[in-house]
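Sequences and hints are given; from them, build the entire structure.
Position 89 of the sequence shown, counting from 1, maps to 89 under full-length UniProt numbering, and the rest follow consecutively.
Calculated directly from the structure, the hints in this document are not laboratory data. Take these hints with a grain of salt, some might be off.
[Stated by the list, open to error] In silico DMTMM-like links for lysine to aspartate or glutamate, alpha-carbon gap of 20 Å or less:
hint, residue 1, residue 2
1, 51, 40
2, 51, 130
3, 53, 38
4, 51, 78
5, 53, 121
6, 53, 78
7, 53, 130
8, 51, 118
9, 53, 63
[Claimed, not checked] Beta-carbon label-pair distances, calculated as ranges:
hint, residue 1, residue 2, range
10, 117, 86, 19 to 25 Å
11, 80, 4, 28 to 34 Å
12, 117, 31, 30 to 36 Å
13, 35, 96, 36 to 42 Å
14, 80, 25, 29 to 35 Å
15, 35, 68, 47 to 53 Å
16, 52, 17, 51 to 57 Å
All C-beta atoms, glycine included, are put in the ideal place defined by N, C-alpha and C.
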Amino acid sequence: MINHRLLKAVIKGETATRPQDEITVQMAERRRLNRMAERDVGDWLYARFLKDKAGTDTRFAAEIVDISRGGMRVRLVDNGAIAFIPAPFLHAVRDELVCSRKTALYKLKVKRFTKWTDVIDVTIAEVRMETAALLRARSRNLLSRPIPHGWAVYFPALPSLYPGRFFN
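Here you go:
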């Protein structure tokens, strides 16, 4: 809206007036609220779409997009949904699991078993429509034995918008 007013003034040959501070603050707040509403609708749509796939053996390819000490974020390749898989569900013994953000990989003692951009298979065990944010996911190809299922949290927007912020 401010750009529109500026362009209109330039085209007409008038001097552009600076918008009042209260208007710019109000516009910034409305943009923020619109982004939050878009994220909430995205969460609900992902949950609604994946609800009928819960509890089935339907496998989704998921690309690892972030690795941290607390777990990893994955993006479902088919639809772009982003989920968080906690570290305890990657390996039962937490002390044996080594996470390196610098090299962006997980190691089991010394042997590397996953890194950024690896594609893993994920199955969905449960989707809760009340919160539209939680799902249970399992992955079987990270280690030699199956990883127990655990909670993963959807982040439909880019993961960089939520640095280190996970919801339970």
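Unsatisfied constraints (hint numbers, rising): 3, 8 and 15
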